[in-house]
Amino acid sequence: MSRLQIELPGLQLRNPIMPASGCFGFGREYSQFYKLDQLGAIMVKATTAEPRFGNPTPRVAETTSGMLNAIGLQNPGLEKVMNEELPWLSQYDVPIIANVAGSTIDDYVSVAKRISTAPNVHALELNISCPNVKEGGLAFGTVPETAYEVTKAVKDVSSVPVYVKLSPNVTDIVQMAKVVEKAGADGLTMINTLLGMRIDLKTGKPILANGAGGLSGPAIKPVAIRMIHQVSQQVNIPIIGMGGVQTAEDVVEYFLAGASAVAVGTANFVDPFVCPTIIEALPALLNELGVDHISELTGRSWKKEWNLQSSSH
Amino acid sequence: MRQLKAELVSQTEIAYSIFEVIVYHEAIDEQFQPGQFVHVKAGNGYDPLLRRPISICHIDPEKHLLTMIYRAEGKGTRLLAKMVPGGVVDLLGPLGQGFPVESVGAGDTAWLVGGGIGVPPLYYLSEELTKRGVTVKHVHGFQTESVVFYEEKFKALGPVTITTADGSYGEKGFVTTQLDHDADYLFACGPSPMLRALESYPAKKGVYLSLEQRMGCGIGACLACVCHVQGDETGLAYRKVCSDGPVFRAGEVVL
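Chains A and B, in that order, give the protein sequences. In terms of our numbering, the first sequence is residues 1 to 313. In terms of our numbering, the second sequence is residues 314 to 568.
Hints may contain errors.
Below, a list of computed lysine to aspartate or glutamate pairs in the EDC-like style, where the Cα atoms sit at most 16 Å apart [stated by the list, open to error]:
(1) LYS178(A) to GLU145(A)
(2) LYS318(B) to ASP271(A)
(3) LYS113(A) to GLU145(A)
(4) LYS113(A) to ASP200(A)
(5) LYS517(B) to ASP495(B)
(6) LYS202(A) to GLU386(B)
(7) LYS376(B) to ASP342(B)
(8) LYS388(B) to ASP200(A)
(9) LYS376(B) to GLU343(B)
Which residues of chain B face chain A? A few of them, derived with a C-beta cut under 10 Å, are [what the hints assert, rightly or not]:
(10) ARG315
(11) TYR337
(12) ARG364
(13) GLY446
(14) GLN526
(15) GLY531
(16) ALA534
(17) ALA550
Now the in silico label distances, taken between C-beta atoms and shown as ranges [what the hints assert, rightly or not]:
(18) THR117(A) to ASP545(B): 50 to 60 Å
(19) GLY418(B) to PHE273(A): 58 to 68 Å
(20) GLN456(B) to ALA284(A): 49 to 59 Å
(21) PRO374(B) to ASP37(A): 31 to 41 Å
(22) GLU415(B) to ASP106(A): 46 to 56 Å
(23) PRO413(B) to ALA212(A): 32 to 42 Å
(24) SER31(A) to HIS494(B): 37 to 47 Å
(25) THR146(A) to ARG391(B): 55 to 65 Å
(26) ALA550(B) to GLU288(A): 49 to 59 Å
(27) SER31(A) to PRO374(B): 20 to 30 Å
(28) ASP545(B) to ALA209(A): 46 to 56 Å
(29) ASP545(B) to ASN120(A): 42 to 52 Å
(30) GLN234(A) to SER323(B): 55 to 65 Å
It is worth saying that the hints were derived from the structure and are not from the lab. A quick note: this is a predicted structure, and the numbers were derived from the prediction, not measured. Note that CB positions come from ideal geometry on N, CA and C, so glycine has one too.
Throw the hints in and build the complete structure from the sequences for me.
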């Protein structure tokens, strides 16, 4: 067995690296750069029942070591994703994690029910944490009762395991994690973006047309690491970690914090080859750390019996 | 489209905060088309994080040189401006859909209209059009005299009219007042208000506008730079400035 191979609910991954939802479209653009079946999995762009145009532009603004976005869940809608995007992706031997979004529980249920039947969709990522839409999205991810309700409703209809994408924009991330675990979530993905804003000095107004947006990139990595460190000690379901991952070292840090796989988001915009580059760099880094299999690293930062120095060989 | 680690050959401040940078890479050739752009990484670190879209001002396919002109105004472009010959410039490109040079023929006449930092891609366009026997005329608008550039270079290709908003150089006012109405084509690049004013220019054969927009990935994946499609009643149709554009036929997208 390859030392990068990972098994998670619904997912047999050749390696634990996958592009994060919203940062990779449905893969078409990046397929011009490399063969997508090198990836562990692909988290595709959020899909809603109906097509969405999203927010007015400007939709992105740069920040110190990061960026704000307020795309607003632009997507071609369930029908087109089912009939065009997912079939196109099926030419690649790579599991798809379909990101499901909506403004009502019925929306989530109808998308989840249908999209989970696509042959190459091996898991769902329940997006209850998008900060850029007026209804739904974040509203579901910041109130424990509604997070529970939507997770349970989706679990009831999904043909594949359900991972819930948690928002960092909460007071108690552990509580949210526990609630969705109780509702039947098979795994967690964390973190979605942090709410932020930039203001243009010339106009005196926010740069983003939407006002606020979601902060991503290296700037948010310490927040994600801390949250995964906390949550992974309190739940019994695996975590796919994300937030500012740029290098193989970042991936190891996420594993040490408690992640079992890692998604790469904003870095794809900077370096289209970032995912294959990280995958290629991991074995040498595992050698350096004296680790046979990457999964040995999960949670080592808090597992008392582990100590990287003493375990090297 | 490729990722190129190009070598910086020269960098010159040709007007106030306006830099001309020339880079070399063996893959730079005639596949780089007028109106396309390259996505440039400024610095090696995480700050600034994103790439900068910069238009193609000139290509020397034999020597594999790419000339870009940019304004140093943000963190990224100011970093780029500090780079010296021998430095490595990480760029993705060529990206996007450029001007329809192939459809313009010998004997056609064309207005090339640029605003500010929208002027540079018109130089490469003007070179390619004149090579095809097209008669070109240029109108370039700038804020003020200190930021005017490439006037002589354009003059070698066809007549040039310069306008400045403050009247410190050339004609006072905007580019739109300088156009006669007898051209077959109009090609323009500049800020949105200028493009909106040119959208209805009565060219006999076509008006093509190159849009500026904040971009993320530059390759069509992140949906940061979308615009609406004219006449689309659903409000759902869109074009991506980075990969469907940046050049659009007038009337295709909502400016």
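| message | Tell me if the straight-line CA distance from LYS178(A) to GLU145(A) falls inside 16 Å. | response | holds, 12 Å
| Regarding SER31(A) and PRO374(B), is the given constraint of 20 to 30 Å on their beta-carbon distance met? | Since the Cβ atoms of SER31(A) and PRO374(B) sit about 28 Å apart, the hinted range of 20 to 30 Å holds.
| said: Does the beta carbon distance between GLN456(B) and ALA284(A) stay inside 49 to 59 Å, or does it fall outside? | reply: holds, 52 Å
| task | Indicate whether the distance between the beta carbons of THR117(A) and ASP545(B) respects the range 50 to 60 Å. | result | violated, 31 Å
| said: Taking the Cβ atom of GLN234(A) and the Cβ atom of SER323(B), is their distance within the range 55 to 65 Å? | reply: About 58 Å separates the Cβ atoms of GLN234(A) and SER323(B), which means 55 to 65 Å holds.
| With 10 Å as the cut and Cβ atoms as the points, is TYR337(B) at the interface with chain A? | At about 21 Å, which exceeds the 10 Å cut-off, the nearest Cβ of chain A leaves the hint on TYR337(B) violated.
| CA of LYS113(A) to CA of GLU145(A), is that 16 Å or under? | violated, 22 Å
| field | chain A contact restraint for ARG315(B) - C-beta distance below 10 Å | value | ARG315(B) check passes; min Cβ-Cβ to chain A is 9 Å, inside 10 Å.
| Cut-off 10 Å, beta-carbon criterion: hint that GLY446(B) touches chain A | Constraint on GLY446(B) not satisfied, violated at 35 Å.
| message | Does the beta carbon distance between GLU415(B) and ASP106(A) stay inside 46 to 56 Å, or does it fall outside? | response | holds, 51 Å
| request: Given the hint of 42 to 52 Å, check if ASP545(B) and ASN120(A) actually sit that far apart at their C-beta atoms. | output: Hint violated: Cβ distance 31 Å, outside 42 to 52 Å.
| Restraint check for LYS113(A) with ASP200(A), where alpha carbons must lie at most 16 Å apart | violated, 43 Å
The structure does not agree with the numbered hints 3, 4, 11, 13, 18, 19, 25, 28 and 29 stated previously, though it agrees with the rest.
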